[in-house]
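Q: In order, the protein sequence lines correspond to chains G and X.
So in this note's numbering the end of the first sequence lands on 194, straight run, no missing numbers.
So in this note's numbering the end of the second sequence lands on 585, straight run, no missing numbers.
Warning: the hint list may mix true and false statements.
[As the list claims (entries may be wrong)] If the Cβ cut is set under 7 Å, some of the chain X residues that face chain G in the computed set are:
#	residue
1	121
2	124
3	191
4	198
5	202
6	229
7	230
8	232
9	240
10	245
11	246
12	264
13	271
If you're looking for bench data, these hints aren't it; they were derived computationally from the structure.
This one's a predicted model, so the numbers in the text were calculated from it and none came from an experiment.
Yeah, the Cβ is synthetic: ideal placement off N, Cα and C, and Gly gets one too.
Spelled out from the first residue to the last, the chains are:
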Amino acid sequence: MEIPYTVDPRPDTGVYNAKLGVWLFLASEVMLFGALFSSYVLLRVGAVSWPHGYEHLNIPLATVNTVVLITSSVTMVMAWASLAMGSLKRFRIFMGSTVALALVFLVIKGFEYAAKFEHGLYPSGSTFMAIYFTLTGLHALHIVGGIIVNSYLLGPGSRMWRTQPARFTNRVEVAGLYWHFVDLVWIFLFPVLYLL
Amino acid sequence: MSAPAAHAHPAGHSGGHGFWRTYVFSQDHKVIGVQYGITALLFLLFGFTLMMIMRWQLAYPGQAIPLIGKFLGDSRAPDGIMLPEFYNQLGAMHGTIMVFLGVVPLAVGAFGNYVMPLQIGAPDMAFPKLNMMSYWIYFAGGVTMLSSFFIPGGAAASGWTSYAPLSVIATTGQTVWLFGMICLITSSLLGSVNFITTIFQLRARGLAFMRLPFFVWAQLVTSFLLLLAFPPLEAAGVLQLMDRLAGTSFFMPSGLVVSGQPLANSGGGSPLLWQHLFWFLAHPEVYVLILPAMGIVAEIIANNTRKPLWGYRSMVYATVFLGFMSFIVWAHHMFLTGMGTAISSFFQATTMIISVPSIVILTALFLSLWGGSIRFTTPMLFALAFLPMFGIGGLTGLPLGLAPSDIHLHDTYYVIGHFHYVVAPGTLMALFGGIYYWFPKVTGRKMSDALGKLHFWLTFVFINCVFMPMFIQGLAGVSRRLYDGGAQYAHAQGVLHLNVFMSVAAWCLGLAQILFIVNFFWSMRKGKPVGANHWEATTLDWAATSSPPLAHGNFTVVPEVHRGPYEYSVPGNGRDFVPQNAPAEAH
């Protein structure tokens, strides 16, 4: 017996298995980052003094990174839409752009980290730097995870397009949901850490 | 070209994978369930052994441990006499192993994996590969935890709660503990995503939500708790790892002095933050421990009273409500932290509210017995014992949920007695019942009733002898986590003699489990062969063939459901049960 609803949605729930699965996974991710943001709030309100993010962090670089990440979300949607319209070639272009933009994000982030270390700002220095490195580091790990999944779908994973195009389109959609979530986390991180 | 090739091997999904793919790296939910079950039972035995060693120290403080003492090594027990550091390691690891490596993997990983897909008429879990990963990550987490006993400084010793700042300045064992926990959290995340998706997506035709067996509901709510409550502990684990490895001060307050030396960290952190994040998981975790047990008990009781469950709908609503409420009671573990009377009042109120659905479920199970012609089978004995045992565990929790009485009882043996009544005589009794109940489904053979009943009575008597005196000691004010069991304290002298009694009972309880182990292996080979529906049950798991074939082959005919889960003793019917998949004409 094959497992049902791997490709087509189940009529009464309206989703296929992987889509429900990824939404559940994202719910748990919300709780993970929610707990970290709550910790941030608790530590900040309990602190004797707390620096403003702009005193230590590089807002222009982070703004560029925000734009980079939002653009990568757009190209991710385009990649999925290309498959829905039946074009693997256009999918390759947009998915390639998504991965490239994600790499750009990491490189910029790397420059930011390097600058902090140069100025002797380490996680052990203050609670602010500690939470900055922990939150952005964990987010960067999520970016790395997204790059791995998206590169797989761009490379060896795309062979599925020839045999099961609908299932492959679903996979890209699901990867996209995750990618938008990672993007969304950054949208929260940016103002909380850099601007407030 | 590849499409016809794929069709040329229709058997690719029904075996023919060789030993490793069939039994070790299997993607079949039944094999994974059995893997979970055996691993978890071994961990339970190991965790219990740690406690049996600790009970020697509590009964006879400072005396050499007989038999195994000389094998423990000089860093743990020189001349067989246990060091305080080793006692702390045993305590922390007993708690961790029993909860995270024993009971939850058995209740959810084993029973959930094996029984739930069968009960909903599914060919397998929705994501078989994830299921396999979930088991192996759990296994890796378990091995990581065990390995910490052998590193310098030994295993984690800051209690299973790992409170900061003690845990942050502890030896390397704590780091290993954190890595182990991250494995276990990841495993349970994969598992819970899989369980929920399976229940929503793979229900058989006609199996509406209100026709789900109660066990499936229990697993569904449990999975949501695991999915949403564990990530905050993962966050806390990451923060504690940063504290330990990167020198941050998330949980470290300013101006901390350890052994006369001021710590060289930046400070400014909050030890209470750890407690909040930890209990945000660990209170829902209590319901993760108890709900699957209630599910198992509900199945056994409906089957052995030959009656529909009393108030099935109320039980379902109560379970869902319980799931929601369990997220807003966590700080009742923290009344002594000085978080303020306003917050204490809130958490007292929610704690009193959450006792209501538990009582609804327990009452419904008790009322289900009323007027039934009860079959006193071995699983039924365990299920019946669960009811008063969980009742004691739950009711003794009420004084702990109210700040005024909790201030006296906090961190005493009363607390230990309370939560062990919930988990050990409660959940573990139910899990034993579940093993006796579903053993014929897994192996096609029945476990010996004579050995089973003897195992039940000995376990029932000794387990109460272990835990009941803890209430007396706790009310006398004896603190938990004392290396000498309270011998140094004047107020403990009157109840100190109970330590020997409890320890002897614990060792007898250990001996009684030999009956279970013998029965388990003997019955696997020589047990009485029985049919696919030995207990004459109604749910779909019993419509599957006995010892269902591996690799997605649960049912010979795709089942279709026509009725609710517990149609026992329906009048005007030849038999006293109507399976869920029996066609409507059979009425």
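Q: Each of the hints needs a verdict: does it hold here or not?
A: Going through the hints against the structure:
no.: 1; hint: 121; in the structure: holds, 4 Å
no.: 2; hint: 124; in the structure: holds, 4 Å
no.: 3; hint: 191; in the structure: holds, 5 Å
no.: 4; hint: 198; in the structure: holds, 6 Å
no.: 5; hint: 202; in the structure: violated, 10 Å
no.: 6; hint: 229; in the structure: holds, 4 Å
no.: 7; hint: 230; in the structure: holds, 4 Å
no.: 8; hint: 232; in the structure: holds, 6 Å
no.: 9; hint: 240; in the structure: holds, 6 Å
no.: 10; hint: 245; in the structure: holds, 3 Å
no.: 11; hint: 246; in the structure: holds, 4 Å
no.: 12; hint: 264; in the structure: holds, 5 Å
no.: 13; hint: 271; in the structure: holds, 6 Å
Taken one by one, the earlier hints fail for this structure only at number 5.
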